[in-house]
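Okay, here's what each chain looks like letter by letter:
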Amino acid sequence: MDLTRRMFIKRSSVAVAVAGAAVSAMPLVVDAVATAGPEADAGTAALPETASMTEPVIARLADVGTGEVHIFVGTQQLTVNDPQLASLLYRASR
Amino acid sequence: MSSHREAPEISKDPVADSTDLYAFVSPDNPGTATIIANYIPLQAPASGPNFWEFGHDVLYWINIDNNGDGKAEIVFEFRFRADITIPTTFLYNVGPIQSLTDPNWNRRQRYTCDRIDYGPQGQRHVTRMVTDAPCPPCNIGPLSTPDYAGLAAQAVQPLPGGGQVFAGQRAEGFYVDLGAIFDLGDLRPFEQLHAQFGLNIPELTKPGTGVNSTKAVNVHSIALQLPLAALTAGGAAPADATKASSVIGVWTSAGRQKVRLSEEQGTYGVGPFMQVSRLGNPLFNEVLVPMSRKDYWNSQTPDGDSQFADGVAHPELATLLPVLYPNVFPNLAALNASKKARADLLAVLLTGIPTGVVPGFQNYTGPTQADMLRLNLAIPPNTATPNNLGLLGGDAAGFPNGRRVFDDVVTIEVRAIAGALYGLVDKTFTADGAASLVTPGLTDSPTDITAKGTENYLSQFPYLGVPYSGFSVPAA
Chain A
14 MDLTRRMFIK RSSVAVAVAG AAVSAMPLVV DAVATAGPEA DAGTAALPET
64 ASMTEPVIAR LADVGTGEVH IFVGTQQLTV NDPQLASLLY RASR
Chain B
33 MSSHREAPEI SKDPVADSTD LYAFVSPDNP GTATIIANYI PLQAPASGPN
83 FWEFGHDVLY WINIDNNGDG KAEIVFEFRF RADITIPTTF LYNVGPIQSL
133 TDPNWNRRQR YTCDRIDYGP QGQRHVTRMV TDAPCPPCNI GPLSTPDYAG
183 LAAQAVQPLP GGGQVFAGQR AEGFYVDLGA IFDLGDLRPF EQLHAQFGLN
233 IPELTKPGTG VNSTKAVNVH SIALQLPLAA LTAGGAAPAD ATKASSVIGV
283 WTSAGRQKVR LSEEQGTYGV GPFMQVSRLG NPLFNEVLVP MSRKDYWNSQ
333 TPDGDSQFAD GVAHPELATL LPVLYPNVFP NLAALNASKK ARADLLAVLL
383 TGIPTGVVPG FQNYTGPTQA DMLRLNLAIP PNTATPNNLG LLGGDAAGFP
433 NGRRVFDDVV TIEVRAIAGA LYGLVDKTFT ADGAASLVTP GLTDSPTDIT
483 AKGTENYLSQ FPYLGVPYSG FSVPAA
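Here the protein sequences come in this chain order: A and B.
Heads up: the first sequence runs through residues 14 to 107, numbered per this note's numbering.
Heads up: the second sequence runs through residues 33 to 508, numbered per this note's numbering.
Everything labelled a hint here was simulated from the structure, so no lab data went into it.
Keep in mind that the hints are not guaranteed to be accurate.
As the list claims (entries may be wrong) - Just some of the chain A residues that point at chain B, by a computed CB distance under 10 Å:
#1 Thr63
#2 Ser65
#3 Glu68
#4 Pro69
#5 Val70
#6 Ile71
#7 Phe85
#8 Val86
#9 Gly87
#10 Thr88
#11 Gln90
#12 Arg104
Ideal Cβ positions, reconstructed from N, Cα and C, are used throughout, including at glycine.
Let's have the full structure, built from the sequences with the hints guiding it.
Following this line, the structure appears as structure tokens:
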């Protein structure tokens, strides 16, 4: 496992960070739309046309096994349990 | 130091680093209490063009526990912002700053303060105390800030419901011989008695003179003066010092957002604020918590401090003193060998002193072990015969009953750790003679409330002195 690999691709004002203890101790910042597979397309297709981002959204892959993902936005931390999203983030970070 | 750079991580984040906390019944306005939380340690006054300021990305909290559970029932939350009014200059100011609205002043700070009251089930009730209140500039010099005291006085803002608030630069009021104490426990007035690890250093063969390491540096203070009734559980000014309801616990803390994202446009905080710094009693994290746990301690809240109680019950410094100063602390050495828990320190620092231990005094908040500065609001200020040793010097208006700006907390705590108070809880114990003498030597006597004239305390709010100017320090 390459523990030092980092990517930083900025796209618009959206950034998704992925850091999973089981994956890497280093936070990875990736452009999910650019590097993800079909699941990403399915996800974005469901968004309303008015969807826009005005502030960073950071995702931390907390547990790739259970699919627990922490979402940081504004002054909030949200937890979602979504194995598909976790899988997407994990593969995007490889 | 009291809490300056006291833990590895926070030592790298000065704007969030709490340095000292004071809480006392205001000597010139005894119907109020004053709480001062200091941040940003060891400021060199000459620091242009980017002079010191609070973190715009940090939340600062002053927390009040008024029912003894180690949790805050009242929180004063401060949020700062910095503005640049002249984007084309590299300068902090382009001419003398003679008012807080002076157009010559380029980089300036404002803040909001919210009071948050928590109900029994954790309900939040938020009251805006001030909006966009101005901080004064830093003290630069005679050309830039020609009447600094007057300028800073303009930044004292009244509060709704009574009281006042100030946030800005002040002269450091804490005094400590940092250079000696962290050179393996050297107390200069007694250094000829130090074991010296067999090094036999010629300079250490006779008593030395204490050196105030924090002389002529500045800090940033958040100071609140509030009616006593605004701090108690019942909303009434306490009048009976024997009642538990007269005692409050105070601590300060600061938080940063969990995620920090740096981009070309700037650096953003994302996510909830988490605590990265806290301070109740002076020197607690500094001296009583092992280095491996100091960062963790800074993330915790007082209601969980039983997890740190062993460092109070069996303080490392108490075991070091008889080793560093052979034959000076034999009774302390015997106490250490007995493995008895230091009930004196546990009371002073974690629960408050119950009734019956010190005649006529109590600041007990109950069995919950919590590092808080405990202040009995019903004990009036001592303006006639203040003693910098506080309760140890027979002055119940001083530390550990809250803490005044001039209290010699280093001497008090070193003496307490040396066993000066243990006889109060174990009548069979006699403190070593040295326990009532040991001092870093930064005051002339217990009645010296100026630290040998090195600290220019004010007699009125905000009590800490006018900050040192960059022009004057270091002196020519």
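Given Ser65/A as an interface hint, is the shortest Cβ-Cβ distance to chain B below 10 Å?
Hint violated; Ser65/A Cβ to chain B Cβ min 17 Å, cut 10 Å.
Please verify that hint: Gln90/A, Cβ, nearest Cβ of chain B, below 10 Å or not.
It holds, given that the least Cβ distance between Gln90/A and chain B is near 5 Å, below 10 Å.
Let's test the interface hint: is any C-beta of chain B closer than 10 Å to that of Val86/A?
Since the shortest Cβ distance to chain B is 7 Å, the answer is holds.
Interface hint check: Phe85/A, Cβ to nearest Cβ on chain B, cutoff 10 Å. Holds or violated?
Holds. Min distance 4 Å.
Identify whether the interface hint at Gly87/A stands, where standing means a beta carbon of chain B within less than 10 Å of its own.
Holds, about 7 Å.
How about Arg104/A: closest beta carbon in chain B under 10 Å, or not?
violated (22 Å)
Does the interface hint hold: is Ile71/A within less than 10 Å of chain B, judged Cβ to Cβ?
holds (5 Å)
Quick one, is the Val70/A hint okay against chain B at 10 Å, beta carbons?
Hint on Val70/A: holds, closest Cβ of chain B at ~8 Å, below 10 Å.
Chain B contact restraint for Glu68/A - C-beta distance below 10 Å:
holds (8 Å)
Under 10 Å is the threshold here; is the Cβ of Thr63/A close enough to any Cβ of chain B for the hint to stand?
violated (23 Å)
Less than 10 Å between beta-carbons is the criterion; does Pro69/A satisfy it with respect to chain B?
holds (5 Å)
Given Thr88/A as an interface hint, is the shortest Cβ-Cβ distance to chain B below 10 Å?
holds (6 Å)
When held up to the earlier numbered hints, the structure conflicts with 1, 2 and 12 and fits the remainder.
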